[in-house]
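Q: Chains as they are written, first to last, in this note's numbering: chain A, 52 to 163; chain B, 1044 to 1158.
Treat the hints as calculated values from the structure; they're not laboratory data. Just so you know, not all the hints are guaranteed correct.
[Stated by the list, open to error] Here chain B is said to cover these stretches of chain A; the calculated rule only asks that three of the stretch's residues, wherever they fall, bring their Cβ under 8 Å from a Cβ of chain B:
{"no.": "1", "region": "89-96"}
{"no.": "2", "region": "152-158"}
[To be verified] Listed next, with one range per pair, are the computed distances between beta-carbon atoms:
{"no.": "3", "chain 1": "A", "residue 1": "144", "chain 2": "B", "residue 2": "1139", "range": "19 to 25 Å"}
{"no.": "4", "chain 1": "B", "residue 1": "1115", "chain 2": "A", "residue 2": "90", "range": "48 to 54 Å"}
{"no.": "5", "chain 1": "A", "residue 1": "77", "chain 2": "B", "residue 2": "1115", "range": "29 to 35 Å"}
{"no.": "6", "chain 1": "B", "residue 1": "1144", "chain 2": "A", "residue 2": "96", "range": "17 to 23 Å"}
{"no.": "7", "chain 1": "A", "residue 1": "64", "chain 2": "B", "residue 2": "1094", "range": "28 to 34 Å"}
{"no.": "8", "chain 1": "A", "residue 1": "59", "chain 2": "B", "residue 2": "1048", "range": "43 to 49 Å"}
{"no.": "9", "chain 1": "A", "residue 1": "93", "chain 2": "B", "residue 2": "1139", "range": "44 to 50 Å"}
{"no.": "10", "chain 1": "B", "residue 1": "1098", "chain 2": "A", "residue 2": "76", "range": "45 to 51 Å"}
Quick reminder that beta carbons are idealized off the backbone N, C-alpha and C, glycines included.
Residue-level listing of the chains:
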Amino acid sequence: LAKTTQPISMDSYEGQEVNITCSHNNIATNDYITWYQQFPSQGPRFIIQGYKTKVTNEVASLFIPADRKSSTLSLPRVSLSDTAVYYCLVVLEGNYGQNFVFGPGTRLSVLP
Amino acid sequence: GAGVSQSPRYKVAKRGQDVALRCDPISGHVSLFWYQQALGQGPEFLTYFQNEAQLDKSGLPSDRFFAERPEGSVSTLKIQRTQQEDSAVYLCASSSETGGRQPQHFGDGTRLSIL
């Protein structure tokens, strides 16, 4: 059964760098890895997307090794407002075609 | 508006009733997705449309769940004879391309409570 794994929770302090890793053993060959942030009572909000190596935007970086079986979201200098749940979304090759699969989510708590 | 809009935001129904949830995607977006999110869990895929064609409905939990997108824009998720286990947040997302090559943009969901 195709699936992804993430740490359940992480704690950090303001100003620190946070790295969250998602493992996805059976990723589809041509599809991208996407990370989302979700606050209570809101839909997931897009953070960053990548296919391989490293992608950086104004809020985060995404590191993807050559085998693409994992990806790491890096949040530089987190603030209290970054407290949220973070999900990876990948397209996995299943027995009956491609599956859009969210990770179980990592609850990040940023402390003052 | 510029984003994905879902209505109603909250829906309470008695067990056995039928419900319909609406999604207005971002204008011009080809792909539309429905997900179910139980409390404290990640979203789980239900179904996927490319324009008006339903390409994948493998995630629909039973034949009580039905989704349509007749004109390739607005979509409706219908649940017949609701059960308590249907209580969840139903999320809709749209994307400008097919598959997973462009980000999905999500609405804030419909919270469904079955009494």
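Q: Determine for every hint whether it applies to the structure shown.
A: Checked hints:
Counting residues of the region 89-96 of chain A whose CB falls under 8 Å from any CB of chain B gives 5; the rule of at least 3 is met. Taking a C-beta to C-beta cut-off of 8 Å, the region 152-158 of chain A contributes 5 residues in contact with chain B, enough for the three needed, and the coverage statement holds. Taking 19 to 25 Å as the suggested C-beta distance range, the pair residue 144(A) and residue 1139(B) conforms, at roughly 23 Å. Checked against the hint of 48 to 54 Å, the C-beta distance between residue 1115(B) and residue 90(A) comes to roughly 31 Å, which is inconsistent with it.
About 31 Å separates the C-beta atoms of residue 77(A) and residue 1115(B), a value consistent with the hinted range of 29 to 35 Å. Between residue 1144(B) and residue 96(A) the CB atoms are about 19 Å apart, so this pair conforms to the stated range of 17 to 23 Å. Checked against the given bound of 28 to 34 Å, the beta carbons of residue 64(A) and residue 1094(B), roughly 47 Å apart, lie outside it. For the pair residue 59(A) and residue 1048(B), the supplied restraint of 43 to 49 Å is violated, since their beta-carbon distance comes to about 32 Å.
Between residue 93(A) and residue 1139(B) the CB atoms are about 21 Å apart, so this pair departs from the stated range of 44 to 50 Å. With their beta carbons about 24 Å apart, residue 1098(B) and residue 76(A) fall outside the hinted range of 45 to 51 Å.
Checked against the numbered hints given earlier, the structure breaks hints 4, 7, 8, 9 and 10 and satisfies all the rest.
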